[in-house]
Amino acid sequence: MNCKEFTHDLPEYLDQTLKGRRLAAAQRHFDHCAECQLAVQREQAARKAIHHALDRATEPLSLSTELAERILAAAASQTKPIARPAAPYAWSWLTAHPLRSVAVACAVVGALVLTRKFSQHRVDASFTATHRGCYVVDVPFQTETHVFQLRNGTVVDTIVTLETESRANFTAAPTSASSSP
Amino acid sequence: MAEVPLNTDALRLDLSAWLQAHGTRLLRSAYLLCGDRTEAEDLVQETFLQAVKSAHRFRGESAIYTWLHGILVNLNRRRWRKQKRFVFDEELVQHAASPAIEDSEMDRQFQTNRLAQAILTLSAEHREVIALRYYEDLKLQQIAAQTGVSLGTVKSRLHYAMQCLEKLLPEELNLFAANGTQPQSPR
Numbered sequence: 002m003n004c005k006e007f008t009h010d011l012p013e014y015l016d017q018t019l020k021g022r023r024l025a026a027a028q029r030h031f032d033h034c035a036e037c038q039l040a041v042q043r044e045q046a047a048r049k050a051i052h053h054a055l056d057r058a059t060e061p062l063s064l065s066t067e068l069a070e071r072i073l074a075a076a077a078s079q080t081k082p083i084a085r086p087a088a089p090y091a092w093s094w095l096t097a098h099p100l101r102s103v104a105v106a107c108a109v110v111g112a113l114v115l116t117r118k119f120s121q122h123r124v125d126a127s128f129t130a131t132h133r134g135c136y137v138v139d140v141p142f143q144t145e146t147h148v149f150q151l152r153n154g155t156v157v158d159t160i161v162t163l164e165t166e167s168r169a170n171f172t173a174a175p176t177s178a179s180s181s182p
Numbered sequence: 004m005a006e007v008p009l010n011t012d013a014l015r016l017d018l019s020a021w022l023q024a025h026g027t028r029l030l031r032s033a034y035l036l037c038g039d040r041t042e043a044e045d046l047v048q049e050t051f052l053q054a055v056k057s058a059h060r061f062r063g064e065s066a067i068y069t070w071l072h073g074i075l076v077n078l079n080r081r082r083w084r085k086q087k088r089f090v091f092d093e094e095l096v097q098h099a100a101s102p103a104i105e106d107s108e109m110d111r112q113f114q115t116n117r118l119a120q121a122i123l124t125l126s127a128e129h130r131e132v133i134a135l136r137y138y139e140d141l142k143l144q145q146i147a148a149q150t151g152v153s154l155g156t157v158k159s160r161l162h163y164a165m166q167c168l169e170k171l172l173p174e175e176l177n178l179f180a181a182n183g184t185q186p187q188s189p190r
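Line by line, the protein sequences are chains A and B.
FYI, the numbering for the first sequence is 2 to 182, going by our numbering.
FYI, the numbering for the second sequence is 4 to 190, going by our numbering.
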């Protein structure tokens, strides 16, 4: 074995993982070569120096209690599902599929719009109070307001169709005293 | 393969013991591997969580620290691949190489700091091989097994890592100079 070959095998020689003939040859060369003996010394010195430097560089680091607790908490949640308040069945059903949620949301919005429109169908009490015997009925999806008049308990006729805005200016047709809501 | 249900109470006990026994050493090793304290903490957390997941696969053939450290090295390598932040050592050498330091300025502490800084400046692969070889005192074969590369690759990486380190260090700190950098006892 020459110096080049020994240098190539030096890490394994130091690791004591060289075997058989290779180890015997390396040992023979080492015993008789001052250069390679020095190389081994340098390698060992470098190893000590690096180990020492890395020890010093990492000395200030230690596992904090906070980090340890964070790890324990994370591990606990990993092995055992986090206890969450039981969701109501309807909510679970709703959130189970995204499309279902969207469909339900659309249905709710539509219902709100329609409710608002149809709610105008109701008799306007304030109007009725000031216009005795007359009832205002708003027709859904139309801007007109229909005013009906009751005579003797039955709707006599549509007496007028007017814009909602002009409702305040409406003057009811004269009604008989017997007209009642 | 179906996961074996874990005994969480026993695991919690084990984990506490592992944290106490190996947490700090792993954190230090993680810091050397990734070069950043916050990332090192994340790496250690991931390591323990991964250990909890695969605890049933640990057969006790190696020491617990060796097993945990193996997980740490793997996670760190996965992190590299994600970040893809490889920097060539030659570029680092150009930026980090500094002029030789006056003898009067040099004391043991300074030399040690300088050496550690230079190691932390190396590329991830070179830093890894240096940390495993000189901090963890692993044999080349063990490094090859932990990093999943051939023995030849480990040797070659170690060789180039040391070359880069020499370039990063001033001549006075040359590890392979005739008088080499020797760790000295504190004054």
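There could be a bad hint or two in this list.
Listed next, the in silico DSS-like pairs over lysine-lysine satisfying Cα-Cα at most 30 Å (straight line) [stated by the list, open to error]:
#, chain 1, residue 1, chain 2, residue 2
1, A, Lys49, B, Lys56
2, B, Lys142, B, Lys170
3, A, Lys20, B, Lys170
To list a few chain B residues with every Cβ distance to chain A over 10 Å, as calculated [claimed, not checked]:
#, residue
4, Gly26
5, Ser32
6, Phe61
7, Tyr68
Pairwise CB distance ranges, derived in the manner of DEER restraints [as the list claims (entries may be wrong)]:
#, chain 1, residue 1, chain 2, residue 2, range
8, A, Glu67, B, Thr156, 55 to 61 Å
9, A, Glu6, B, Val152, 43 to 49 Å
10, B, Glu42, A, Gly111, 49 to 55 Å
Derived by calculation from the structure, the hints in this document are not laboratory data.
Bear in mind that the values here come from a model prediction, so they are computed numbers and not experimental data.
Using N, Cα and C, we set each Cβ at its ideal position, and we do this for glycine too.
Is the claim that B/Tyr68 lies outside the interface with chain A correct, judged by CB distances over 10 Å? holds, 13 Å
Hinted pair A/Lys20 and B/Lys170, Cα distance within 30 Å: violated, 34 Å
Decide, holds or violated, for the assertion that all CB atoms of chain A are farther than 10 Å from the CB of B/Gly26. Violated, because the least Cβ-Cβ distance between B/Gly26 and chain A comes to about 3 Å, which does not exceed 10 Å.
Given the hint of 49 to 55 Å, check if B/Glu42 and A/Gly111 actually sit that far apart at their C-beta atoms. Given about 51 Å between the Cβ atoms, the range holds.
Check whether the Cα positions of A/Lys49 and B/Lys56 lie no farther apart than 30 Å. Violated, because 36 Å separates the two Cα atoms, which is more than 30 Å.
Does B/Ser32 sit more than 10 Å from chain A, CB to CB? B/Ser32 not clear of chain A: closest Cβ-Cβ about 8 Å, inside 10 Å.
Does B/Lys170 sit within 30 Å of B/Lys142, going by the straight-line distance between their CA atoms? holds, 25 Å
Does the no-contact call for B/Phe61 survive, Cβ to all of chain A over 10 Å? holds, 15 Å
Do the Cβ positions of A/Glu67 and B/Thr156 conform to the proposed distance bound of 55 to 61 Å? About 39 Å separates the Cβ atoms of A/Glu67 and B/Thr156, which means 55 to 61 Å is violated.
Within 43 to 49 Å or not, the Cβ separation of A/Glu6 and B/Val152? violated, 23 Å
When the structure is compared with the earlier hints, violations turn up for hints 1, 3, 4, 5, 8, 9 and for no others.
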